[in-house]
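There are 2 protein chains.
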Amino acid sequence: MMKCMHLLVFVLTPLLLCPPGIGGGQVLVFPVDGSHWINMKVLVEELHARGHNITVIVPSDSWYINKNSSYYNSIQIEGASFWTQIKMSFELIVKCSEMHYHVSNMIHEMFQDSRLMQSLQASEYDLVLTDPATGGGVLLAHRLGLPLVLNVRWTLQGEGHFAIAPSPLSYVPFPGSELTDNMSFIERVQNVLIYFLGKAQLAIASYHYTSICQQYFGSDADLLTLTQGADIWLMRNDFVFEFPRPTMPNVVYMGGFQCKPPKPLPTDLEEFVQSSGEHGVIIMSLGTIFGELPHEITEEIAAAFAQLPQKVIWRHRGKRPASLGNNTLLVKWMPQNDLLGHPKTRAFVAHGGTNGIQEAIYHGVPIVGLPLVFDQPDNLSRMKAKGVAKIVDIATMDRNTFLQAVQEVLHDPSYRIKMQHLSRLHRDQPMKPLDRAMFWIEFVMRHKGAAHLRTESYKMPWYAYHSVDVIVVLFAFVSLVVLCTTAIVKYMCYKIRRRIKKKHKENRWRKSQIYKNYY
Amino acid sequence: MMKCMHLLVFVLTPLLLCPPGIGGGQVLVFPVDGSHWINMKVLVEELHARGHNITVIVPSDSWYINKNSSYYNSIQIEGASFWTQIKMSFELIVKCSEMHYHVSNMIHEMFQDSRLMQSLQASEYDLVLTDPATGGGVLLAHRLGLPLVLNVRWTLQGEGHFAIAPSPLSYVPFPGSELTDNMSFIERVQNVLIYFLGKAQLAIASYHYTSICQQYFGSDADLLTLTQGADIWLMRNDFVFEFPRPTMPNVVYMGGFQCKPPKPLPTDLEEFVQSSGEHGVIIMSLGTIFGELPHEITEEIAAAFAQLPQKVIWRHRGKRPASLGNNTLLVKWMPQNDLLGHPKTRAFVAHGGTNGIQEAIYHGVPIVGLPLVFDQPDNLSRMKAKGVAKIVDIATMDRNTFLQAVQEVLHDPSYRIKMQHLSRLHRDQPMKPLDRAMFWIEFVMRHKGAAHLRTESYKMPWYAYHSVDVIVVLFAFVSLVVLCTTAIVKYMCYKIRRRIKKKHKENRWRKSQIYKNYY
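So the sequence lines, in the order shown, correspond to chains G and H. By the count of the UniProt record's numbering, the first sequence reaches residue 519 at its end, each step adding exactly one. By the count of the UniProt record's numbering, the second sequence reaches residue 519 at its end, each step adding exactly one.
FYI, nobody ran anything at the bench for these hints, they're computed from the structure. It is possible that part of the hints are untrue.
No distinction is drawn between identical chains; accordingly, a pair holds when it is met within one copy or between any pair of copies.
What the hints assert, rightly or not - Result set (EDC-like, lysine to aspartate or glutamate): computed pairs, CA atoms no more than 16 Å apart in a straight line: (1) LYS459 with ASP222; (2) LYS386 with GLU456; (3) LYS502 with GLU278; (4) LYS332 with GLU292; (5) LYS448 with ASP428; (6) LYS459 with ASP181.
Keep in mind the model is a prediction, meaning the values are calculated, not measured.
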């Protein structure tokens, strides 16, 4: 494994046509492949449009990331992307741990390659922009001593906030729990148990980075601490999507930063949409990774769609289902944003990826959710709690339950009303999420970081952070005072009692003497 | 006391000349008198400029708040402002409790006045804007069922964040502690002790509102919970001023919202400033409440100033000190913002009120601090930790220690360099703090609140919020499992041992039989 990891580095420097802008910054981007790159690309394109020079580190077998681009340089490293092998696999979670093993090996090889490291140092980058779903970019930024900006929703330590913001488990549902911010006692117990389980799982993933952390950043360094040292967290959600929870000053919410007003549809698609008449259209897409569902399920979905008066546009890459109705159009790809923004769109059948949900919120289209893996069940449980989504369990669904769910979302007006309310809230921001993200990236360039927004409390040992040592000392002190006081009081009581007894004795003796003399 | 509290209400409605704007909202303002009104006025003026109609509730004996204004209506209520009596007093903290007693009485009288309450209901306000340093505005908003926007730095529960955001005492210094975010063990013990002390003090202040809360908002209502229900917290600081700490999504930072570029000085003042030559000027002001210091202290300060080559402009309202030098100009009032923004200004001698510090940060002028009461020691300890202020203890100072402090700030370039760095950070924001405040006030108007940004976790009982019940149950369960397992294991051990013994016995018996037969 290690053998094929040697690095063939060649720096591609196409002629970059930078528009005149406020830019001129040097940004080093360490992306994560797959759907994560879709997000990162939005930032990279906008940074380019603002006149910054961008260098992207691209694994040679990358699935999504282009080696040749007119708007970024690339540094190619070989054999590092694991996504090619795991795409379409339902065993993603298990495979993730292997991915981290690969990334940590890749980084180790990079750090050993002194020519590469010297050329990176010489390039005088202003910052590293990375997605901390793997540890690579974080380690690279620390190794190069550069400010660090995260484009984040997940870290190895779970949902981004859990790595830096206090997250009381009484009202902050742990990732994967599918709970809301309003939990019963049993649910709160569940949340605490899932927290411990999750922590253990995540520790396993982080473990792959331990040796490289200790080798380069000191014996007590670990990936969590290095991640917590990031300057700015560009968080890919907001509080229209997420439940309200504590946050930190260096978290910048840019949820929906990729959303745009719809462009006109291609003529044939527009004709199909218009043919739906008053009934409107339903669109269905299960995102970039999951193009194909098991055949039995596709048949059930197709059969359900066939019973609807609506037209359906279904992004489907597998075999054509036999039960497909005339009202359903299968497409390999669709202009999802333009379709969601079309006035005839009535509902969105989705797997619940963050991007799709943000676009649905932006355009105010209610959701029928078919959650598969990762954050999808959590995302959809949030939408369900806000009354804008109906969730269908893919494991137990059939044409009837699916049809019922779609019809409920179509005919119960509360779904659409609530989603349009969320849309209004989301759009009503002092500045566009993408502009806000750009501002803070450029802020880090201008000021060489954003240390004033970042607490250093993560450097404290856990018992100090949680004041356990203080509580123990105060408790010991109070106990000591109570013990001493009790002892003193007891001793005094004893003394007093003895004196009383003695006096009694004396009195009795005197009395007896008096009596003696008297009688 | 209660007798003089009857309310003479007359609503003044001057002809409001609203500029054409995006506005048209109806804002009910319940201010706090004194320096708090200076802040609130900035918001009220800007709201007026944006075309909103503002109604201000003004106590008849108000010290700062004008009854007649061209940009707001006023509802006058008699005998409620206590500030007139306590201004200039060093016993402010003690008197504060009395102030809360008065405010709660005033609010009670207001609620009883059905004509006033009906007229307030009829006015269909969009929101209540208030400073929660007293509880009046919060109670009024809940009584009228209106969305609530706080212009806040302090609540009765201490520094604003402590009422809503998790505040780990290991790195969040409790108000009044004068600690930083980097504490030794002893300091952390101190912080925890001050926390408990502070909580007790604040409970006393809140106590005055208990009966009115229970009467109007249910038997378990209290002021803290009602305050926590606010939609937006416009916080009068930011993280250039404050140490980084956890915050909440509905906290909007508007620190320095009153700061403006300097206007030219009046001719005579400009001449005086220019006469300082290369040495520049020092300006001194102890804010709006404290115009006069004890005579001995003024003499020492004057004598110290007299030894400097700089010119000094001193806002001073008492007797002219005998030791005053020719280089010092006493003024009753000064254009503080314009002077701080003047290129010849070298240092700012200040008491450490939030407004003055924000202006010093905005203009990049280092501080010599003479903290007196309230948040002033805390504010200055923050500036000291950031290396932009030298603090002088007013209780022990003399001309020498004061002179030394001023000279250190003048001649050690790090003070100015660091303060100008803070100034650059403060000015580098995606939008101006005042515009941000306006956006969120208008957001609340547009959406009838901002419930999606506000956690409702404050409604949980404390043991549920802190998951104490969950921990107890889990601990009990684990204990039970351990006990049962131990009991079972013990019982089995006992059984096994007995069986072994029995076998031994049998064996021995058999052996003995065998031996018997054998011999």
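Hints versus structure:
1. LYS459 with ASP222: Within one copy only: 11 Å inside a chain, 38 Å across chains, cut-off 16 Å.
2. LYS386 with GLU456: between (35 Å within a copy, 15 Å between copies)
3. LYS502 with GLU278: neither (106 Å within a copy, 88 Å between copies)
4. LYS332 with GLU292: Intra 11 Å, inter 79 Å, cutoff 16 Å: intra-copy only.
5. LYS448 with ASP428: between (31 Å within a copy, 13 Å between copies)
6. LYS459 with ASP181: The answer is between: 12 Å across copies meets 16 Å, while 29 Å in one copy does not.
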